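> Following the hints, put chain D with the ligands in place on chain W, whose structure we already have.
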Amino acid sequence: MRQQSLKPEQADSLTLRLALGSILPALLFVAWWMGIQSGSAVIPTFGEVWHVLTHPFEEPEELNSRSLAFSVLLTLIRLGLGYGLAVLTAVPLGILSGRHRLVEYVIHPLVELARPINPVVLLPIITVLLGISSLATVFFGQIDAWRYDVLDQVQLAMILILWYGAFFPIYLSTVHSVRNLRISHLETMHLLGAGRWHLLRWVIIPYTLPALANGMRIALGISWLVIIAAEIFPGTRSGLGYMLCTACKTSDYEYTFAAIIVIGTIGLLLNEGFRRFERQVSHWRAVEK
Amino acid sequence: MSGDNLLQLRGVTKSYLTRSREEIHALADVTLDVERERFLAVVGPTGCGKTTLLRLIAGLEVPDQGTIEIGLTPKKTASPCAYLTQEHSLFPWLPVRKNIEIPMIVRGVYPQSARRMAEEVAASLGLGDYLGLYPHELSGGLQQRTAMARLLTTEASVWLMDEPFSSLDEKTRHALQHLLLDIQKQRRITVIFVTHTIDEAVYLADQVLVLSANPGRIVGSFQLSSPKPRNRMSEDFGFRIEQVRQIIERVLA
Ligand SMILES: Nc1ncnc2c1ncn2[C@@H]1O[C@H](COP(=O)(O)OP(=O)(O)O)[C@@H](O)[C@H]1O
Ligand SMILES: [Mg+2]
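As given, the protein sequences belong to chains W and D, one line each in that order. Letter 129 of the first sequence, counting from 1, is numbered 128 in numbering that gives the first Met the number 0, and no numbers are missing. Letter 26 of the second sequence, counting from 1, is numbered 25 in numbering that gives the first Met the number 0, and no numbers are missing.
I should point out that these hints are in silico values taken from the structure, not numbers from a laboratory. Accuracy of the hints is not assured; some may be wrong.
As the list claims (entries may be wrong) - Residues on chain D that point at chain W, a partial pick, calculated with CB under 10 Å:
| no. | residue |
| --- | --- |
| 1 | T76 |
| 2 | S78 |
| 3 | T84 |
| 4 | P94 |
| 5 | H135 |
| 6 | S138 |
To be verified - Using 25 Å as the maximum straight-line C-alpha spacing, the simulated SDA-like pairs for lysine to any residue come out as follows:
| no. | chain 1 | residue 1 | chain 2 | residue 2 |
| --- | --- | --- | --- | --- |
| 7 | D | K97 | D | E119 |
| 8 | D | K97 | W | I204 |
| 9 | D | K75 | W | M188 |
| 10 | D | K75 | W | L198 |
| 11 | D | K97 | D | R35 |
| 12 | D | K97 | W | H189 |
| 13 | D | K75 | W | L185 |
| 14 | D | K97 | W | R178 |
| 15 | D | K75 | W | H54 |
| 16 | D | K97 | W | Q279 |
| 17 | D | K170 | D | P228 |
| 18 | D | K97 | W | S183 |
| 19 | D | K97 | W | R65 |
In this text, all values refer to a predicted model and were calculated from it rather than measured experimentally. All C-beta atoms, glycine included, are put in the ideal place defined by N, C-alpha and C.
The shape of chain W in the complex, shown without the other chains (with noise of 0.2 Å):
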């Protein structure tokens, strides 16, 4: 019988991985090619997409949008601020709710009862409630202008609603790791007559990184799904997602398929990004896999 490993294959080198890896995104140029040779008007050509891209920072004229790097620029304020609040509010909660039965039981129904709910349905409801009040509206009396452009389009509605939808994966996976944690190594910092801070900083946080990290990336996939998806609901003015929507309705399509293709570059590099620090903070549990 042939010798079969249980293991799975070995990683290849990365020449070998670019080159697999490059084939169905390539074909996908084909069929874009193909778009290209019948004729249809929805489909750019390569060149003036490329224009797009390496033009980032000109404010195209003919659409009501402000330039492709502004856009990003904004995107990436909405997601950074509405994720980074999930982040802040999932992991202690998550934390408090796996070591204390009555807290998790205090939170547990409305997270289940919220989490099935798609974020980005609350939107409209949510945009009625909070208006368009942006950060500029609420925090800063005088600023100068450019900073006061940038704030007033950060949306309180748009930061509640990605705050909505990274909240659950970071705090599910913490509650779920923080109670797997072996007693015994809490009986140990016991016994060394350790307090919660030394608990915390010693055992609770790194054993549950490996799993927060997961959470955290999953989180974060949902967050650039659900700005995009906001961003062109009515109410905007800018960010990918108008900018996206915005050339559809003007038929400057080359924006679009620039949009999408930077959605799609940013998403990636970011979830690499992730992979590679959840990696990095797994590596201890290499031998339990």
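This is chain D with the ligands only, laid out in the frame that chain W set:
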């Protein structure tokens, strides 16, 4: 607390309820005195309450009845007892160095001193080359060595050891037994050592306690006074092993 006794158990009883609400008498009416700087070995069949006994002494469980007194003033919040099990005692997310430093970090030892101290202890246990490795990168023997290094950086004077060498091969086990005897002599600690290997008990202990199962109670106690380290080949050694074995067989029958 009388005389030189460090540890006094009086009528200690502990039961557990199983899922089917059956009561298991893990320990029944255990009375025991342990003198300072003694090496006590506890042997007995699986399920006779050996682990329960150690956990009660460590304060990780509370007895249903009876009292446990330790004649030591605890230092700040740390327990006077250190507890070592067969596996999973190290923190897998910390390298050897930090695992050894943890008791000192918790005590608030100045980081530089903790670092130096950890290096010294590691060197004395032959762990000098492994400070940067993680537990899963170590053999079982080195893992238990690291765990013992961590006990050394606590200020505990009672070491509760629950079959710490059971999963090791014979050569490694003998090396660690030897090491433990050295440590006990130098640090003048009191050791309560659970094992299911009679040879290990007779090699290490000043006193061997035999427990019976269900309910767990003390059914025999031997003093062993020959000097350590003992010669496994000697006639006396073989005789002692036979003596303990007979008691255990009688209990199990
Ligand atoms: N937490 C627990 N819940 C229920 N039963 C337990 C628990 N801990 C121990 N026991 C039972 O108590 C008895 C003694 O256990 P233990 O002290 O672990 O014995 P030993 O270490 O000698 O094998 C066993 O029958 C065991 O099943
Ligand atoms: Mg046991």
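> Can you confirm whether the C-alpha distance between D:K97 and W:Q279 stays at or below 25 Å?
Between D:K97 and W:Q279 the Cα gap is close to 18 Å, so the pair holds against 25 Å.
> Under the criterion that the straight-line Cα-Cα distance not exceed 25 Å, is the pair D:K97, D:E119 satisfied?
This hinted pair holds, its Cα atoms lying about 13 Å apart.
> Between D:K75 and W:M188, is the straight-line Cα distance small enough, at 25 Å or below?
holds (14 Å)
> For the restraint on D:T76, tell me whether the closest CB of chain W is nearer than 10 Å.
holds (3 Å)
> Have a go at the D:P94 hint: is there a Cβ in chain W nearer than 10 Å to its own Cβ?
holds (9 Å)
> Using the nearest Cβ pair, does D:T84 come within less than 10 Å of chain W?
holds (7 Å)
> Are the Cα atoms of D:K97 and W:H189 separated by 25 Å or less?
holds (17 Å)
> With a cut-off of 25 Å on the C-alpha distance, tell me whether D:K97 and W:R65 pass.
violated (52 Å)
> Does D:H135 pass the interface hint, meaning its C-beta sits closer than 10 Å to a C-beta of chain W?
holds (4 Å)
> Take the C-alpha atoms of D:K97 and D:R35, compute the straight-line distance between them, and say whether it is at most 25 Å.
violated (31 Å)
> Does the alpha-carbon distance linking D:K170 and D:P228 stay inside the 25 Å limit?
holds (16 Å)
> Was the hint right that D:S138 lines chain W, CB cutoff 10 Å?
Not OK, violated: D:S138 not within 10 Å of chain W, min 12 Å.
In this structure, the hints that do not hold are numbers 6, 11, 15, 19, in rising order.
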